[in-house]
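Undergrad: Heads up: the sequence lines are chains A and B, in that order.
Read in order, the letters of the first sequence correspond to residues 162 to 522 in my numbering.
Read in order, the letters of the second sequence correspond to residues 5 to 384 in my numbering.
Please keep in mind that the hints were generated in silico from the structure rather than gathered at the bench.
Please note: incorrect hints may appear among the correct ones.
Claimed, not checked - Derived DEER-like restraints, expressed as beta-carbon distance ranges: (1) B:Glu-97 - A:Asp-221: 21 to 27 Å; (2) A:Val-256 - B:Met-106: 46 to 52 Å; (3) B:Ile-14 - A:Glu-223: 21 to 27 Å; (4) B:Leu-33 - A:Val-256: 31 to 37 Å; (5) A:His-455 - B:Gln-56: 27 to 33 Å.
A virtual CB, placed ideally from N, CA and C, is assigned to each residue, including glycine.
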Amino acid sequence: MAGGKFLPSRRRLLAGSGLGALLGPLLGRYAYAADTLETARNTHLPLSRKSEMSTVGRVDPEFNGFDPHAMLGDWDGGQVSRLADGRRLREYDIVARDREIEIAPGLRFAAWTYNGRVPGPTLRATEGDRIRIRFRNAGSHPHTMHFHGIHAARMDGVPGAGEAAPGESFVYEFDALPFGCHLYHCHSVPLKRHIHKGLYGAFIVDPDPERHPERKEVARSRLLGTPENADWQEFVMVMNGFDTNFDGENEVYAVNTVAHVYAKQPIRIERQRPVRIYLVNVTEFDPVNSFHVHANFFDYYDHGTTLEPTLRTVDTIMQIQAQRGILEFTFAEHEPGLYMFHAHQSEFVELGWMGFFEVQP
Amino acid sequence: MNARHTWPMIVLAAVLVLAIAAFVRFDPLTALTGGSVPAPPALTIERVTVDQDGFHLSVRGDGREPVQIAQVLVNEAYWRFEQTPPGPVARGERVRIDIPFMWTRGEPHELRLITADGSTFDHVVEVTTTTPVLTMERLAGYALVGLFVGVVPVALGMALLPAMRRFGTRGLGFLLALTLGLLAFLLVDTFAEALEAAERAAGVFDAEVMVWLVAIASFAIIMAFGRRHGTPRGHALAACLAFGIGLHNLGEGLAIGGAVAAGELALGTFLVLGFTLHNITEGIGIATPLVRERVRLPAWLGLVLLAGLPAVFGIWLGVRAAAPQWTALCLAIGAGAIAQVLFEIGDLLRRTAAGTAATWNPLAGFLAGVGVMYATALLV
Numbered sequence: 162m163a164g165g166k167f168l169p170s171r172r173r174l175l176a177g178s179g180l181g182a183l184l185g186p187l188l189g190r191y192a193y194a195a196d197t198l199e200t201a202r203n204t205h206l207p208l209s210r211k212s213e214m215s216t217v218g219r220v221d222p223e224f225n226g227f228d229p230h231a232m233l234g235d236w237d238g239g240q241v242s243r244l245a246d247g248r249r250l251r252e253y254d255i256v257a258r259d260r261e262i263e264i265a266p267g268l269r270f271a272a273w274t275y276n277g278r279v280p281g282p283t284l285r286a287t288e289g290d291r292i293r294i295r296f297r298n299a300g301s302h303p304h305t306m307h308f309h310g311i312h313a314a315r316m317d318g319v320p321g322a323g324e325a326a327p328g329e330s331f332v333y334e335f336d337a338l339p340f341g342c343h344l345y346h347c348h349s350v351p352l353k354r355h356i357h358k359g360l361y362g363a364f365i366v367d368p369d370p371e372r373h374p375e376r377k378e379v380a381r382s383r384l385l386g387t388p389e390n391a392d393w394q395e396f397v398m399v400m401n402g403f404d405t406n407f408d409g410e411n412e413v414y415a416v417n418t419v420a421h422v423y424a425k426q427p428i429r430i431e432r433q434r435p436v437r438i439y440l441v442n443v444t445e446f447d448p449v450n451s452f453h454v455h456a457n458f459f460d461y462y463d464h465g466t467t468l469e470p471t472l473r474t475v476d477t478i479m480q481i482q483a484q485r486g487i488l489e490f491t492f493a494e495h496e497p498g499l500y501m502f503h504a505h506q507s508e509f510v511e512l513g514w515m516g517f518f519e520v521q522p
Numbered sequence: 005m006n007a008r009h010t011w012p013m014i015v016l017a018a019v020l021v022l023a024i025a026a027f028v029r030f031d032p033l034t035a036l037t038g039g040s041v042p043a044p045p046a047l048t049i050e051r052v053t054v055d056q057d058g059f060h061l062s063v064r065g066d067g068r069e070p071v072q073i074a075q076v077l078v079n080e081a082y083w084r085f086e087q088t089p090p091g092p093v094a095r096g097e098r099v100r101i102d103i104p105f106m107w108t109r110g111e112p113h114e115l116r117l118i119t120a121d122g123s124t125f126d127h128v129v130e131v132t133t134t135t136p137v138l139t140m141e142r143l144a145g146y147a148l149v150g151l152f153v154g155v156v157p158v159a160l161g162m163a164l165l166p167a168m169r170r171f172g173t174r175g176l177g178f179l180l181a182l183t184l185g186l187l188a189f190l191l192v193d194t195f196a197e198a199l200e201a202a203e204r205a206a207g208v209f210d211a212e213v214m215v216w217l218v219a220i221a222s223f224a225i226i227m228a229f230g231r232r233h234g235t236p237r238g239h240a241l242a243a244c245l246a247f248g249i250g251l252h253n254l255g256e257g258l259a260i261g262g263a264v265a266a267g268e269l270a271l272g273t274f275l276v277l278g279f280t281l282h283n284i285t286e287g288i289g290i291a292t293p294l295v296r297e298r299v300r301l302p303a304w305l306g307l308v309l310l311a312g313l314p315a316v317f318g319i320w321l322g323v324r325a326a327a328p329q330w331t332a333l334c335l336a337i338g339a340g341a342i343a344q345v346l347f348e349i350g351d352l353l354r355r356t357a358a359g360t361a362a363t364w365n366p367l368a369g370f371l372a373g374v375g376v377m378y379a380t381a382l383l384v
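Isolated chain A (complex conformation):
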């Protein structure tokens, strides 16, 4: 932030003059008392209700047309059909639109969106599925959908290969490979602006257990729709930020767009069921973002492209932009209560990226 040009230079010169004998006794009596502020405020109320560090008010999901709580688990499998060779085909219709969204109570952001929401829909497929995306650009600028995955150069979704001018369309087609926790985003230029305006989303590819006989059970637990998977509480969290005054620094940080939304309304966790988080970092302007959970440790699968953890028993991980991974942990042995999670960059915490798991009895 810029320093305040508040005082004339002459007064500034005076600052070092020291408390004089003339007024010393008088002024001394008024020594500062805020240090002795009542500590009674430090009760054990949930921080969400107690803390003064918070945005004020609530964001209206009606206005936004999307609810960050619903977003946590609304997987979009697309329209499913079978190809001639027996493979599964998933078809999606995605429209880019300009849309004003509310990212903190009362704070509006002129976003560019996929299907009217930020982050865009969480596309979820199984390893080897055929993906067909009918992309229509109803926005005011050229846009693309660039997938982090394996595909042909023609399907890359960059200027010159799969860019749709306003009013135009493009169909992306590729196989869902490799399995893991991925993302898609607009790759039109200027890139910074197109990403931070809101054009991104998670793209999750579940492993096909048949292809991983050596770790079939693990693969089955990751595959949406299996009984093994149903036991898990799965959430997608896209770490993002918004530069509302266009000074190249974010005024708001969040997971799934709305500042402090999971602090004000914690995410409910059933104690006995394990937790899996698909975590994606799309934060613009800052080199890294991070995730930290309180009073617990997790196994981490960087990019989600392995069935063995890439990190075991950690409580903090960091991700550069577009890095992502899967976190697995449990509260089964914990006592019920509110367990905080947040970026372990305090600045991000205080600008909105903080929430709670409310572990049920």
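Given the structure of chain A, go ahead and fit chain B onto it with the hints provided.
TA: Chain B only, in chain A's frame:
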């Protein structure tokens, strides 16, 4: 004017009214601006006070459209706040923002308002400390400072009057020129302070233009008042001098009080004595028109208080962190008053020095006046 000349005027006026109506109705500017670009929001944080509960901001709407304050940040953290009255802040309207905050003494705190459209408005409390509450005891303490800054030096300067009486015409010419130099310094200093305060004021006040206009008006009014019985001399001129210098000292008091309130200024003995030394020359200036006059004690005392006492009021107002437009207004009146005495002293000097060939004498006096003021200003 007869009817033959009146009719064309009425027709012309009617045409102009119709043109304005058409302008409003068809809004041709939409074609220039595209019609959809909203005016940027504007807010001015006029004053910030600090107490045990936290920060209290006085914020004025400064944009064409009402501005909604969405969130408040302290040191880059969203913080709870209350706005009274709530709702969008209209142009010129003032609202209060209370932020509960356990601040750290002596450290800077960055306050930021973020409006509904994401624009940000910042204010830095440079060295945080409680804004002084004006108890009787404190009022007395600040009055003491004001006396040392304003009254004591003017009295000291005016106490030199008997010594000044021994000067001949040349000596008097030198003193008048010295006063001229002093006033030139004060004029520049007062304008600088006024314009700086104006820059901090909400744009809706157009305070920089206000400073110039008020200074000119103040000059003209005081000039007319001073000359209502002819050219002021003697006591009348000394009173004009004391009035102008008094307003300058009011500004000086505001600056000192404001700096104390902002925690920027540790009031020290040397600082206060520095102001005392700096302002002695003001007393000499006021005494100069009285060199050939018989001065009674009440008149002498009245002049001292007229010039010096405003420093006390200035500090009292300043510690309550007066909104910058009021500071600018006071200083602008002062600048006009100083310009008036500058004019009158110059006139007197011209008449006194007339017929003498001692051109170098007044020049030396003038330079001495400016030089002494500048040199002693370095002390503070």
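Undergrad: Next, verify each hint and record whether it holds.
TA: Here is how each hint holds up against the structure:
1. Checking the proposed 21 to 27 Å range against Glu-97 of chain B and Asp-221 of chain A shows it holds: the Cβ atoms sit about 26 Å from each other.
2. A beta carbon spacing of about 48 Å between Val-256 of chain A and Met-106 of chain B agrees with the range 46 to 52 Å that was offered as a hint.
3. Separated by about 58 Å at the C-beta atoms, Ile-14 of chain B and Glu-223 of chain A break the suggested range of 21 to 27 Å.
4. Range check, Leu-33 of chain B to Val-256 of chain A: about 35 Å between beta-carbon atoms, so the 31 to 37 Å window is met.
5. Remark: the range hint 27 to 33 Å for His-455 of chain A to Gln-56 of chain B is upheld by a beta-carbon distance near 31 Å.
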